[in-house]
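6 protein chains.
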Amino acid sequence: MTSLQRPSPIAASVDFEADGVQHGFLRLPYSRDDSAWGSVMIPITVVKGGDGPTALVTGGNHGDEYEGPVALFDLARTLKAEAVQGRVIIVPAMNYPAFRAGTRTSPIDRGNLNRSFPGRPDGTVTEKIADYFQRTLLPLADIVLDFHSGGRTLDFLPYAAAHELPNKEQEKRCFDAVAAFSAPYSMRMIEIDTVGMYDTAAEEMGKVFVTTELSGGGTSSAKTVGIAKRGVMNVLKHAGIVAGTLETRPTCWLDMPSGDCFRFAEDDGLVEVCTDLGDPVRAGDVIARIHPIGRTGQAPAVYRAALDGILAARHFPGLVKTGDCLAVVATVEERI
Amino acid sequence: MTSLQRPSPIAASVDFEADGVQHGFLRLPYSRDDSAWGSVMIPITVVKGGDGPTALVTGGNHGDEYEGPVALFDLARTLKAEAVQGRVIIVPAMNYPAFRAGTRTSPIDRGNLNRSFPGRPDGTVTEKIADYFQRTLLPLADIVLDFHSGGRTLDFLPYAAAHELPNKEQEKRCFDAVAAFSAPYSMRMIEIDTVGMYDTAAEEMGKVFVTTELSGGGTSSAKTVGIAKRGVMNVLKHAGIVAGTLETRPTCWLDMPSGDCFRFAEDDGLVEVCTDLGDPVRAGDVIARIHPIGRTGQAPAVYRAALDGILAARHFPGLVKTGDCLAVVATVEERI
Amino acid sequence: MTSLQRPSPIAASVDFEADGVQHGFLRLPYSRDDSAWGSVMIPITVVKGGDGPTALVTGGNHGDEYEGPVALFDLARTLKAEAVQGRVIIVPAMNYPAFRAGTRTSPIDRGNLNRSFPGRPDGTVTEKIADYFQRTLLPLADIVLDFHSGGRTLDFLPYAAAHELPNKEQEKRCFDAVAAFSAPYSMRMIEIDTVGMYDTAAEEMGKVFVTTELSGGGTSSAKTVGIAKRGVMNVLKHAGIVAGTLETRPTCWLDMPSGDCFRFAEDDGLVEVCTDLGDPVRAGDVIARIHPIGRTGQAPAVYRAALDGILAARHFPGLVKTGDCLAVVATVEERI
Amino acid sequence: MTSLQRPSPIAASVDFEADGVQHGFLRLPYSRDDSAWGSVMIPITVVKGGDGPTALVTGGNHGDEYEGPVALFDLARTLKAEAVQGRVIIVPAMNYPAFRAGTRTSPIDRGNLNRSFPGRPDGTVTEKIADYFQRTLLPLADIVLDFHSGGRTLDFLPYAAAHELPNKEQEKRCFDAVAAFSAPYSMRMIEIDTVGMYDTAAEEMGKVFVTTELSGGGTSSAKTVGIAKRGVMNVLKHAGIVAGTLETRPTCWLDMPSGDCFRFAEDDGLVEVCTDLGDPVRAGDVIARIHPIGRTGQAPAVYRAALDGILAARHFPGLVKTGDCLAVVATVEERI
Amino acid sequence: MTSLQRPSPIAASVDFEADGVQHGFLRLPYSRDDSAWGSVMIPITVVKGGDGPTALVTGGNHGDEYEGPVALFDLARTLKAEAVQGRVIIVPAMNYPAFRAGTRTSPIDRGNLNRSFPGRPDGTVTEKIADYFQRTLLPLADIVLDFHSGGRTLDFLPYAAAHELPNKEQEKRCFDAVAAFSAPYSMRMIEIDTVGMYDTAAEEMGKVFVTTELSGGGTSSAKTVGIAKRGVMNVLKHAGIVAGTLETRPTCWLDMPSGDCFRFAEDDGLVEVCTDLGDPVRAGDVIARIHPIGRTGQAPAVYRAALDGILAARHFPGLVKTGDCLAVVATVEERI
Amino acid sequence: MTSLQRPSPIAASVDFEADGVQHGFLRLPYSRDDSAWGSVMIPITVVKGGDGPTALVTGGNHGDEYEGPVALFDLARTLKAEAVQGRVIIVPAMNYPAFRAGTRTSPIDRGNLNRSFPGRPDGTVTEKIADYFQRTLLPLADIVLDFHSGGRTLDFLPYAAAHELPNKEQEKRCFDAVAAFSAPYSMRMIEIDTVGMYDTAAEEMGKVFVTTELSGGGTSSAKTVGIAKRGVMNVLKHAGIVAGTLETRPTCWLDMPSGDCFRFAEDDGLVEVCTDLGDPVRAGDVIARIHPIGRTGQAPAVYRAALDGILAARHFPGLVKTGDCLAVVATVEERI
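Protein chains in written order, with the UniProt record's numbering: chain S, 1 to 336; chain R, 1 to 336; chain G, 1 to 336; chain E, 1 to 336; chain H, 1 to 336; chain W, 1 to 336.
Treat the hints with care, since some could be wrong.
Same chains, same label: a pair holds when it works inside one copy or across any pair of copies.
Straight-line distance between alpha carbons at most 16 angstroms, and here's what the computed EDC-like set of lysine to aspartate or glutamate pairs gives [unchecked claim]:
| hint | residue 1 | residue 2 |
| --- | --- | --- |
| 1 | Lys321 | Asp34 |
| 2 | Lys237 | Asp176 |
| 3 | Lys237 | Glu169 |
| 4 | Lys237 | Glu82 |
| 5 | Lys229 | Asp255 |
| 6 | Lys223 | Asp279 |
| 7 | Lys321 | Asp176 |
| 8 | Lys237 | Glu333 |
| 9 | Lys223 | Asp15 |
| 10 | Lys237 | Asp142 |
| 11 | Lys168 | Glu333 |
| 12 | Lys80 | Asp255 |
| 13 | Lys321 | Glu169 |
| 14 | Lys237 | Glu17 |
| 15 | Lys229 | Glu247 |
| 16 | Lys80 | Asp34 |
| 17 | Lys229 | Asp268 |
Hints listed in this document are in silico derivations from the structure and should not be mistaken for laboratory results.
Generate coordinates for the entire structure from the input sequences, incorporating the hints supplied.
Right under this line is the structure:
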């Protein structure tokens, strides 16, 4: 029996086929020094109301990103079965051990869930979670919305996003859903390396897939949570699962056309951000300086933009290490 | 010989009486497992240009607050002796071990420098630093500017501040310097507990003392660094040490009239901030909710404002623990 | 102002003078890297019903001892004001940070609360807790019951205990309360070193003080929790605070007459306990052996009893280190 | 060359074919930061006395379970070659790094040895140990006795056990050996998931395999060590390796008929065990309560038995986390 | 797509085909809790001067070995393109995370780079580094010089070395390069286990491969750095890449003929070295004693040489653990 | 009762007044999470043979210095009472927790024992040890020999040393004992800061006090252990406690005349030692260079000698941090 023929060790306490609202757990056995017969218990809510499409909505793929979990714990508590035509599967904190720890990766195995797909039923805890989404939850879904933000170490302009895909019809359905989300910014993404991503797993199954970056720093605000709450309802309405008209907002379409968008630090030190998120930049503008911290009187290293655009993302903490992504400049395609 | 009769173990490599610009170190011997004869080397710059008052300007009193260090590493590198009438002593990172670690307190002894005054020459590393400021640097100063921000776990409206003091003439000189700083907000503070504070140490010596809170989250931005850079130059000009006119900006005067300003969490969980910094609030308004994270479907705990005002500070990380300060509401005194 | 003239930084959210049942917190400000304005929040319940004596009942003085916390969280939830004539102050987990961590000492400062009295208002977190009991709670009490067990590393026969005291009248009142508690065993204790103990603090104020050891190992059982629940109600009845007759049980009075009771390990290794708790032993009996674990085929070190009696306490974990207390033999005074 | 064609890196200092008593090591090279050319040295004893079957007796498969190691360090030291007809291979501490650390899993790689079979010669340290048992020691054996207990986090009624097996003749030989062991309880086990178990590895080779659970909590007692010592001698006699009659005791045969035996916690908190090990329970009985520890006055969560039987296992530590196994109810088949 | 068909995630900022001196980085993306979009940046220098062979010279394969990094940071800074006929690729610290931490293995994944070949493009950080050398850098090279020393836990006589190889012509070229290196000692090595070694990876590609052990202890000296600097220049001259005559020194050829060379500790304790590096030893001589440290008055364990020769390597730290390599005796083949 | 009126909590299992050889412990109660009633057990040997002076000989004052412990565990085991006229008290590892951990300071409280005198009976574990030497052991002694070496982070020329003292007669007796020790080098020391030193404690009681530095790096060699063994016997003979003639060797007298002897690093990086221990240096000579490790191609920082002499001590590890002592140059007074 190969690994992938093994059943998942995860057991759901909810019945995905039952109508109504169910709050339960995905129980993943996890034997360890402090609990020989312990488990990871991932909260899940299923809201089903008759026939219709299934939306799988998730947060906490990275454990230190908060707009998704806030919007989804709230949605799980408030969404009524009567309001749903079809099914909404809500997992507010996919990488639940990471979410409880407030860290990007799992404290158990340092697994980055979004680089662990398709996962393994007999792998690490993080790989077991990935495998369960891959083989159990994603196949149930028609549309998938996965919330991200920058986490503790990055900060982003708030945007919803989809990827360019080989199947242009699928791609269009994805971007339609991005437009429905109605974030202040909307991004057209080309991933350089899609190995192990949840996004890719969903897209390869032909699902409509929408993701977001809704600020960052390991926090959230009333404003960004508002974007998330409105966005998820808009997507559910757009999918025909929840009735009602979309609550739309203007959006600015962005693009990351090449690797020149990214600036990586080649120095350790104290970062001085010279351009704030959303500020326009021109190629050659100073976007950041890194001050050496070993002594005073030293000249900072200077980092400049490589292309025209606006500052779409930045390193968050006050100190920076060689190799960190300092800043991302995106190009503006269209303001709607 | 009592402890306080002992000389400080810290040796400065700069001569505080010499004219010109000197970049050097405060060397504090620190024997430890990974360096038997090691030292902590705190960078310091002295810029002296003839006779005149002395300003002591400091950052990194808490190691995860960045507007001050960025502005002061920059100032130390760029301030010319010719531009100075008197003396400017610049210590961009007072609790240097904490600053290098990017943490509020010292990784060596977990010392909170701003609760360690007057310090001890034969105490912990943090207490030795406090003692050196108490007995060596503060006595040299006429005016003291100490930069703070919220650090990793708090976020503030950007303000300069001074304390109500028993000596009203001294208090007035302090608030005049706050006004000169010209931050977007200016705060009138009563400290509930002044034990161990650098502020108190300086004030008890009769110094003009200005402090700040310039946002937080363990980062800084172009905007808030700009406030810090302009503020320190304004204070040096106000003190007559640097020539030129102040670069003023409108400011809004705030007050924290009582303990009702503060809301503390009585629940662990996922925090949903319902009011953003600078938003007006009225007594009874929901300012935050805390969602239980053990399972879905649970009602959040609701936290409300106890008085009218604006949201002046908030808990920063996405998760919150019982006992954390959730939010601070300040009252608006005057907009100038 | 000396340290002990300072007010405690701890604020209680309950009113000790109000009738009725109040559940609240002792809030102790604790600034740290992960919460700049954080607090330790120690749960407390006050049940007051008119005039009468005050009992202060506590658990979690050491954080890994559980009969007390289980009985007291239960008592706090179920005791009605109507059932009380006087006042019951319940703190189920005195060293609350240790209790949350499941460790004997505080994870914050490694403080052993029961060696930290009288504490200091400006000391460590553990010293601040001690100071609050010393200066605020103990003075309110007439009778004090403090639950202990062996914790993770020791196991005891279940007993209630009091100390021999210089004031024989006070001593008698204490032993009367021990008898009222009605544990399977009752112990007459002479402490070799009383420095820093809560017991001593209470006794020096003239209070009736009862303590316990109710098994150990970092767990509890239905049987030992039953002893604790019955014991606290018996003590409250004995004190006249709760009405009703005592639920008595036979008890066996023990004594620890000298340092010969204790056997300390002089070898590291795998411990083989040769006598179980409650077994009779005679001087010279083998009570434990320590097997070297570096290789097979080595003779174990043999440890023998130094006096006749019964095994009253033992080292709990399977491995032992040089210097650990291996076993305690108590003498049997009387079976009632 | 595939991984499994590689030779094991482990070298034994004993000769498995030599008569007499040999104490030696299994040396496993383990290069690491604190020893570039270091090794793990697993103690082993071989006692051989002419022709006859081979018993492989092991403890410390999990490093915090002590009845096996105590009985086997003792047996290794005392068993004479003259007393043996055949061969006894004794490894008192299989996962030796875990045993030295007193933890269930290896401190080197967090490997749970009993989930690591068949292992890999070029894998982690734990996988290398598994591979050595799989390819070198198990093939030498006719009968295999592997001692387990509950470890630090579980507590069990003392029982010997075997599994239901597809080969009923093999199964019978296993249960005959269980009966020979003569523990107070004897268990008929169906494992839900046998992936990676040493048990399965031995059974799939057609060996007679006996295992045990002999209490727990990370300790042992004179009573439970007595069960282990008597059991191993009984099994060696039963196998015809040691002469003499079995020292039998009454036993109670138990069964775990389904997943309903297990109760998992869905709440964090302070556990109140309401039924002790060996107590009879009926479906619907409260077997445990979990008290919230964030504040007083909250109702505990209540956990009930799902079937009639006796309490066979329980969570050991005083605190419990969501997902931990709270209790196991076994059904009583027969008392002999 | 199998793992090995994947491109390496590492990007070089230098152009291996460009003439001149380039200082740059190998950038390896490494997402983690403290830098979501972080990278490991491994310094690299390429010096190219027209056509000719390529030498790949490396240090820091183990992160706590210093002669190589000192010589190579120095060489990278000082070697001029004009002095080179061909190409020199210099990586002073291959396992750069380990080098920064001063540890043998990587602090990221505890990877021992020299046991990680051929590596994997989608494996751990250490495996990604190995893969980049395997598939990108080694194929560019004609001659490979990899500096080792004993690191923190071993100390060696200073020698250059090559392996006996199946291809005797290749072997001769390797030993010629060893002779050219001209260390005080030269070693003929047979590796018992070549799995995962960089050496083997290079040799299997037919490269001329030279390695060294140049003392140890986690330090370096003026003398041993001098050997390294002279050695690398000699090898470059020998290869015809740098012009000039070799700076030769006498060398003593050693051999490690069998496993008897190695003595492993079977005791924990305080090591007393009885023979120093370079001392002659005869079979049966006491080379070390291990004193038990639990108490005074115990006899030390005595370790003796198994063959005649000289002490070529020894355990470095003052304490020793069971399984550590205590000493290596090499045989003297020839003094030149 | 003030702290210093309290009795020491340490109990010795040896009788200092009994004739013969006794091996025992200093038992220091130390309650902690992993042993509620645990102790630190410091090995001690007393050898007494009639009347005569008392020598107190100690090692392990810092836990990573090994010549002393090796020589003293050896001496404790081999010194016969018959060979002694007077008394020898041997404590091979004063800071025993540090010695077991192989670290300079105590793993329990990070205490540097040689900066903890006079200690406190109710302080940290390290302070309790200091207090026991201060109030119990030092008063018993006439002559005190305390072995030091450089430990893990420093390396020294092997020397015995004494301090310049105000009492010149006492000073002479000390230097006579240094001469008797007969190390390759002998040092005349002026301590800049004597606060907390064991040396000072002994000297202030008027004792003859000798100390050493016998190489370093956290190891020892046959050569340096030989110096230690010969030295302690020479001192005991010199004191008239052991009979026989001194085994003398030539020595070179050194001096550290001023703070210019010391060179401290002002840069982090990879250290290149340019002068080895014992090499002559002249003022202005380069003694070390520090290479930046963030990238290749950067110039190293250069450190030069400030006076003529020989290199007497150096930083040991391959990496260096700002503030570490890089090197010590001593002046040569006399070669004997």
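Discussion item. I want to check one pair: Lys80 and Asp34. Are their C-alpha atoms no more than 16 angstroms apart within a copy, between two copies, both, or neither?
Written reply: Classified as neither; 38 angstroms inside a copy, 37 angstroms across copies.
Worksheet item: Should Lys223 paired with Asp15 be assigned to within, between, both, or neither, using CA atoms and 16 angstroms as the limit?
Response: neither (35 angstroms within a copy, 39 angstroms between copies)
Worksheet item: When no copy is specified for Lys321 and Asp34, does a C-alpha distance of 16 angstroms or less occur within a copy, between copies, both, or neither?
Response: Answer is between; shortest inter-copy Cα gap is 10 angstroms, intra-copy 35 angstroms.
Worksheet item: Are the CA atoms of Lys229 and Asp268 at most 16 angstroms apart within a copy, between copies, both, or neither?
Response: Close neither inside one copy (38 angstroms) nor across copies (22 angstroms); limit 16 angstroms.
Discussion item. When Cα atoms must be at most 16 angstroms apart, do Lys229 and Asp255 count as within-copy, between-copy, both, or neither?
Written reply: neither (24 angstroms within a copy, 34 angstroms between copies)
Worksheet item: Between copies, within a copy, both or neither: which fits Lys237 and Glu333 at Cα up to 16 angstroms?
Response: Classified as neither; 26 angstroms inside a copy, 46 angstroms across copies.
Worksheet item: 16 angstroms Cα cut-off: does Lys237 pair with Asp142 within a copy, between copies, both or neither?
Response: Within one copy, since 14 angstroms is at most 16 angstroms while 64 angstroms is not.
Fill in: Alpha-carbon proximity context of Lys237 and Glu17, limit 16 angstroms
Cα proximity of Lys237 and Glu17: none, with 21 angstroms in one copy and 56 angstroms across.
Discussion item. When Cα atoms must be at most 16 angstroms apart, do Lys229 and Glu247 count as within-copy, between-copy, both, or neither?
Written reply: within (11 angstroms within a copy, 42 angstroms between copies)
Worksheet item: Is it within a copy, between copies, both, or neither that the alpha carbon of Lys237 lies no farther than 16 angstroms from that of Asp176?
Response: Result: close within a single copy only, 12 angstroms intra versus 57 angstroms inter.
Discussion item. I want to check one pair: Lys223 and Asp279. Are their C-alpha atoms no more than 16 angstroms apart within a copy, between two copies, both, or neither?
Written reply: between (19 angstroms within a copy, 11 angstroms between copies)
Practice prompt. Using 16 angstroms as the alpha carbon limit, work out where Lys80 and Asp255 are close: within a copy, between copies, both or neither.
Written response: neither (37 angstroms within a copy, 43 angstroms between copies)
Going through the hint list in order, the structure does not satisfy hints 3, 5, 7, 8, 9, 11, 12, 13, 14, 16 and 17.
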